Amino acid sequence: MEGIDLQQTFIRSLTELGVPGGAAKAIWMPLPMLLMIIGATVGVLVTVWLERKISASAQQRIGPEFIGPLGVLAPVADGLKLIFKEDTVPAKADPLLFTLGPVIVVIPVFLSYLIVPFGQNLVITDVSMGVFLWIALSSVVPIGLLMSGYASNNKYSLLGGLRAAAQSISYEIPLALAVVAVVMMSNSLSTVDIVNQQSGYGILGWNIWRQPVGFLIFWIAALAECERIPFDLPEAEEELVAGYQTEYSGMKFALFYLGSYVNLVLSALLVAILYLGGWESPVSLTWLASLVGVSETSAWLEIVDAALGITMTLLKAYFLVFIAVLLRWTVPRVRIDQLLDLGWKFLLPVSLVNLLLTAALKIAFPVAFGG
Amino acid sequence: MLKFLKQVGDYAKETVQAAKYIGQGLSVTFDHMQRRPVTVQYPYEKLIPSERFRGRIHFEFDKCISCEVCVRVCPINLPVVDWEMNKTTKKKQLKHYSIDFGVCIFCGNCVEYCPTNCLSMTEEYELSAYDRHELNYDSVALGRLPYKVTDDPMVTPLRELAYLPKGVTEPHGVPADAQRAGLRPEQILEQEQAKN
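Residue numbers (this note's numbering), protein chains in the order written: chain A, 526 to 896; chain B, 260 to 455.
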């Protein structure tokens with residue numbers, strides 16, 4: 526199953542117009558990146574709106590209502606306000622680190638979208654080390670947090686930065702171990718291969734059935750990485766006056782804000798890809814096509830397949846975002862010692878056992894666990 | 260070995276229990292999502308204040324006998340009573356009366372103790388001003404009657420929870436003549452009179 530290859534089509538049509546092959550490729554290159562940045566930003570706007578609306582209905586409120594239909598323009602208004610706000614640097618702060626902090630936080634998160642596939646060829650680059658790249662990039666974020674916490678010249682910011690670094694480091698390991706278990710089953714680090722390995726049996730083929738523990742560990746660790754409630758203590762408003770964000774305003778704060786929501790969407794997308802079958806629909810489309818008797822390679826089926834793939838990935842991701850928002854109003858914030866306890870004393874051993882179990886099952890039942 | 264296994268089992272049991280409680284909590288928040296919002300869209304909709312509401316104080320200048328009881332019962336001696344002895348009638352004559360609502364705590368003691376009932380509570384609560392001195396109401400301002408929510412054509416009046424019919428928790432769309440839960444005071448009086 527090949528699916529649509531936009532890149533090949535685009536380059537071919539350009540070379541047919543008389544553009545040399547190298548130039549055609551160079552023209553193509555920025556397009557998916559631009560698309561991804563726009564896509565990620567729009568995804569954030571949608572997520573912010575969803576967060577506010579779902580929070581409101583969980584508390585029996587209405588939420589944003591008058592800014593655009595159903596208040597959909599509320600996040601846009603937020604963004605505009607932040608753009609026009611004065612950008613202040615506190616006295617005696619380190620201006621270079623202070624500016625660099627939010628940038629370092631945001632860039633890896635956006636960069637991680639490189640490896641998020643929405644279809645067989647609907648991915649910016651099918652890096653053969655996809656998930657590993659994501660794990661590596663996500664460990665850059667705490668450096669930025671630490672940097673901005675240190676540069677703010679504010680003890681709460683410093684505390685927040687330190688907490689963020691401690692939290693990210695301790696949750697990185699169970700996260701990586703959960704991913705390793707999935708990687709072991711699909712024999713590849715590439716996100717496209719991981720999804721392909723889950724395809725064919727519809728909902729029954731998804732990794733969540735083979736890795737239920739891994740799924741939970743990954744989701745908990747991902748929430749901790751995103752600093753969402755119940756793990757939002759680096760930016761706990763009530764305790765640390767928003768932690769490392771305290772001294773930030775204007776566009777720099779907007780970067781943090783954007784970064785945290787992009788990270789949430791990214792984590793949700795990755796859970797969807799690693800455990801919920803990525804772009805695969807609950808009922809296998811190829812099976813349906815063969816049932817109806819349509820050729821797998823017909824053009825319209827490929828278009829339907831691609832559109833359905835994007836919809837499915839987004840649906841799964843936004844379902845997880847919904848769960849995250851609901852969790853926010855359900856679970857109280859944990860203390861820093863409880864957080865580290867959970868990370869080191871619970872998630873780490875459980876994920877290790879999960880990894881060993883997966884390895885054993887892979888040897889015992891190579892058919893079901895990707896031998 | 261057995262002890263270790265028991266420990267693992269207990270730990271697992273605790274984990275399952277914690278997961279169960281989180282699931283329970285999630286079902287509560289999920290259930291709340293289908294309930295109607297309790298929001299009152301304030302400037303367009305307003306709650307009708309209860310009859311025991313303690314709002315801005317109303318003052319009737321002509322009833323006042325300048326006895327200064329209101330000043331004495333006030334926790335901070337707030338009302339300012341400016342009077343002069345009228346030599347011909349041998350009575351106190353009130354010249355000015357004022358209460359500063361920026362300081363008043365709306366305890367209602369003055370209203371309770373006023374011997375001539377010249378003080379009373381209104382249902383007005385919108386006391387915002389650009390300058391705190393504007394909150395120092397003189398006898399003319401104190402004599403004004405508030406605009407009732409039910410008379411305002413711009414406002415949808417909503418009933419408070421205690422004034423809704425039995426079993427209704429949603430004030431939107433309740434007809435104006437629907438009686439509130441329980442008996443009204445005059446009905447209780449009638450019942451008592453019928454008994455005796």
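Hints were generated in silico from the structure; no laboratory data involved. The structure displayed is predicted, hence computed values, not measured ones. It is possible that part of the hints are untrue.
[To be verified] Derived contacts from chain A toward chain B, CB cut-off under 7 angstroms, selection only:
{"#": "1", "residue": "Ser580"}
{"#": "2", "residue": "Ser582"}
{"#": "3", "residue": "Ala583"}
{"#": "4", "residue": "Arg586"}
{"#": "5", "residue": "Thr836"}
{"#": "6", "residue": "Leu840"}
{"#": "7", "residue": "Leu851"}
{"#": "8", "residue": "Trp854"}
By construction, the Cβ of each residue, glycine as well, lies at the ideal position given by its N, Cα and C atoms.
Restraint: tryptophan 854 (chain A) near chain B, CB-CB cut 7 angstroms. Satisfied or not? Since the shortest Cβ distance to chain B is 5 angstroms, the answer is holds.
Minimum Cβ distance from serine 582 (chain A) to chain B below 7 angstroms? Hint holds; serine 582 (chain A) Cβ to chain B Cβ min 5 angstroms, cut 7 angstroms.
Please check whether serine 580 (chain A) passes as an interface residue: C-beta within 7 angstroms of a C-beta belonging to chain B. Since the shortest Cβ distance to chain B is 10 angstroms, the answer is violated.
Go through the hint on threonine 836 (chain A) and say holds or violated, using the shortest Cβ distance to chain B against 7 angstroms. violated, 23 angstroms
Classify the hint on leucine 840 (chain A) as holds or violated, based on whether any CB of chain B lies nearer than 7 angstroms to its CB. With a closest approach of 18 angstroms, the leucine 840 (chain A) hint is violated.
Does leucine 851 (chain A) pass the interface check with chain B, least Cβ-Cβ distance below 7 angstroms? holds, 5 angstroms
Take the shortest C-beta to C-beta distance between arginine 586 (chain A) and chain B; is it under 7 angstroms? Where the cut-off is 7 angstroms and the nearest Cβ of chain B is about 5 angstroms from arginine 586 (chain A), the hint holds.
Hint check, alanine 583 (chain A) versus chain B [nearest Cβ-Cβ separation less than 7 angstroms]: OK, holds: alanine 583 (chain A) within 7 angstroms of chain B, min 5 angstroms.
Hints 1, 5 and 6, counting from the list given before, are not met by this structure.
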